[in-house]
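Asks: Here is how the chains run, residue by residue.
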Amino acid sequence: MKKLILALATSAAVLGFAAAAAAEDKTKICFIYVGSKTDGGWTQAHDLGRQALQEKFGDKIETPFLESVPEGPDAERAIERMARSGCALIFTTSFGFMDATVKIAAKFPDVKFEHATGFKSSDNLATYNSRFYEGRYIQGQIAAKMSQKGVAGYIASFPIPEVVMGINAFMHGAQSVNPDFKVKVIWANTWFDPGKEADAAKALIDQGVDILTQHTDTTAPMQVATERGIKAFGQASDMIKAGPETQLTAIVDTWGAYYIKRTQAVLDGTWTSGQIWDGLKDGILTMAPYTNMPDDVKKMAEETEAKIKSGELHPFTGPIKKQDGSDWLKDGEKADDGTLLGMNFYIAGVDDKLPQ
Amino acid sequence: MGIVEAILLTVITAATPLVLAAIGELVTERSGVLNLGVEGMMIMGAALAFAATQVTGSPYIGILAGIVCGALFSLLFGFLTLTLVANQVATGLALTILGLGISGQIGEPYVGMSGIKLQPIVIPVLADIPFIGPLLFRQDLIFYISIALIIGVHWFLFHSRAGLKLRAIGDSHGSAHALGIHVIRTRYLAVMFGGACAGLAGAQLSLVYTPQWVENMSAGRGWIALALVVFASWRPGRVLAGGYLFGAVSISQLHAQALGIGIPSQFLSALPYAATIVVLILISHNRRVTLINTPASLGKPFVPDR
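Keeping their order, the protein sequence lines are chains A and B.
Heads up: the first sequence is residues 461 to 816, going by the numbering used here.
Heads up: the second sequence is residues 810 to 1115, going by the numbering used here.
Simulated from the structure, these hints should not be mistaken for lab results.
Hints may be right or wrong, so weigh each one.
[Stated by the list, open to error] Here are some, though not all, of the chain B residues that point toward chain A, as calculated from beta-carbon distances under 7 Å:
{"#": "1", "residue": "L817"}
{"#": "2", "residue": "T819"}
{"#": "3", "residue": "A823"}
{"#": "4", "residue": "E917"}
{"#": "5", "residue": "G921"}
{"#": "6", "residue": "E1024"}
{"#": "7", "residue": "A1028"}
{"#": "8", "residue": "V1058"}
{"#": "9", "residue": "L1063"}
{"#": "10", "residue": "Q1066"}
For glycine and all other residues, C-beta sits at the position ideal for the given N, C-alpha and C.
Generate coordinates for the entire structure from the input sequences, incorporating the hints supplied.
Replies: Below is the structure:
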C-alpha cells in the first residue's frame, strides 16, 4: 500500500516536472533526494547546496528536483524520467540510489551523472563524497581540551566504514592532545530517531561523559546536553539554535561549493568522470563557528583546521596502532583513501567492541 | 541522584508514549475495531502539539491541541470504516501514510526550532519520599494522565455497565445490536478515544521526550504500541507492564553498550522486542483466558439490518 502510494506520487511528480521542462532551453541540473527537503538534516543540506547553485548561475540554469524518492525500483523510474527530460547533469544524493544510477547512466551516455557517497563510477557517472573525518579530528582535539573527566560520549548510527572512520578520527584527534583520552560509543542502529538518540545521550551522560558527539541526524542529543549542562558537537548542519550555550562547533555539509564547481565544468565542457573525495580545503564541508570555549582552545582548533586545509596535516598520520595492538601506520605514514573507505577496525584506545 | 534513579527516569519518559497510545488502541479494539493508524494519529498529535505550543507559548494548550487533533483525525477513520464500511486494515494503513504526510506539511515552519518543554508538577509531601518521590511525584502532567488512564480504563471495562456493553459489542456486534445497544455510536466513541490517546502520546514526544519537531519523529512507536495491545491480550495492566518492560530493556541495552561489555549492538537493539514478546507470551500462556479476552468481532465490518 505504502509502496503503491509512493509510486503514484513519484509518477505524478515526474509527469508534472516533464511537462514544465519541455519549453525551456536553459541548462538543466537535476537532483534526486531520498528525503524531504526540510528534513533538517541530510537532504536539507543537499537542497541548500542546490539553492546556492541556482543563486550562483541565476538565469543560465534551472535546478529541478524530486524529493522523497524511495530507494529501489521507483528510484530507477524517477532517474530515467529526469534523464529523458533533458537534464545535462543529474545528482543522485543517497547511497541507496547507486545501482539505479549505474543502470540509467549506461542507458543515457550523453547525460552526466553524479552519485553521492557511492563507489561505482563509469565514463558518464562520477561519485562524490566529503572528507567528514577531517572535521572529526578537530572535534576530537577540542573534546580532549574541554573535557574535565577525559571521557567523551559518541552516538553512532550503523557500523559502516564512514562511521567507523569518524570514530577513529575523533579518537586520534583527542589522543594527539591527551593520550589517555577515552571514548564511549553507543550504536543507536538508526540514522533518525530523536527519542532513541536522546535516550542514548542520557545513558552516556549518566555514565559520566562530559562531552557529547553524534553521527545521527537530529538535534535531540544537543538538547539533552543542554539540559544536563555539558558541551556537545553538532552534526551535518549548524545546530547552534538547539544549543546556543552548548555547541562547541559542528561539521556542516556545504555541498553548494561542489555543485557550483561541477556545474561550471559542464557549462565549460570540461566535465570528466572520477571518484571525487573533497575535504575542508575544497569547501565541501565547513566547521561551524568555534563557540563556548576558551580562546586557547579556539586558537588550537583554527590552527589545526588551517593545517588540514594546507595539506600540512593528514588526520590519519602514523604512528597509529589498531585496537588489537597490531601496527596500522608507521611513524609519519599517511593512510591511503582505499583503506579509509573500507575501514572496518578501531584504532587503539577506543573503548568499544566494533559490531561486525 | 544515583545511576539507578537516572536510568528509571529515562525509562519512564521512553515508556509513557507507548503506554498512552496502547491504552487508547486497547479500548478501540475492545469495541471490535482494528485501527492500524496509530502511528499516523500519533505523529499528527506531535506536530499539532508542537505548533500550538509555539504559537501560544503554553505547552498545556499544546497538549490539548494534540488530543483534539488525534481525536478528529481518527474520526476520518471512523467515518470511512464505520459509516462507509471500508476495509479497516487498508484504511488504517492509509491513515498512517496520510498522517505522516500532512504532519510534515504542518511542521515545516517549525523544523530546527527549539521547543518549550513541559515542566514537571511537584506533588507536595509525596515528592519528598526518598527514591520514589523524584521518580513518581515530580513528573509532568502527561505521565500522571497515563497512569490515571490505565486505572480508569481498567475500571471502565471491567467494573462499569458502559464497559460491559463495549466489550459485548467487541465480542459479538450482532448480538449486541439485537439487545438494542448502539453498536456504531459506541464504536465511534471508542475510535475517538483511541485517537485522542494517540494524539496525547504524540504531544508527549514533541513536548517532553524531545521538545522539538522533526518529520517522522514518532519513528515507529505507533506500531510498537499496536503490538503491545495484542501481546498484552487486551488487558490494561499488562499494557502498562509491557510498555515499561520495553522501555526498561531499551534503556538498559544503551547502558550496556556504553559500559562496553562487548555484546554485539545489533543483538542488543533487538532485545527490547524479543524480551517484551517472550514475557507477554509467558504471562498469557493460559489459552482459555486469552481467548476470553480477545474481541471476537475484531476487524469485522458491521452493517445493521434495518
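Asks: Each hint: holds or not?
Replies: Each hint tested on the structure:
1. L817: This hint is violated: B/L817 lies away from chain A, its Cβ roughly 11 Å from the closest one there, beyond 7 Å.
2. T819: Check passed: Cβ of B/T819 comes within 5 Å of chain A, closer than 7 Å.
3. A823: The hint holds - B/A823 has a Cβ within 7 Å of chain A, the shortest such distance being about 6 Å.
4. E917: holds (5 Å)
5. G921: holds (5 Å)
6. E1024: Hint holds; B/E1024 Cβ to chain A Cβ min 6 Å, cut 7 Å.
7. A1028: Hint holds; B/A1028 Cβ to chain A Cβ min 4 Å, cut 7 Å.
8. V1058: violated (12 Å)
9. L1063: Because about 4 Å separates B/L1063 from the closest Cβ in chain A, which is inside the 7 Å limit, the hint holds.
10. Q1066: With Cβ-Cβ at 5 Å, under 7 Å, it holds.
Violated hints for the displayed structure, listed by number in ascending order: 1, 8.
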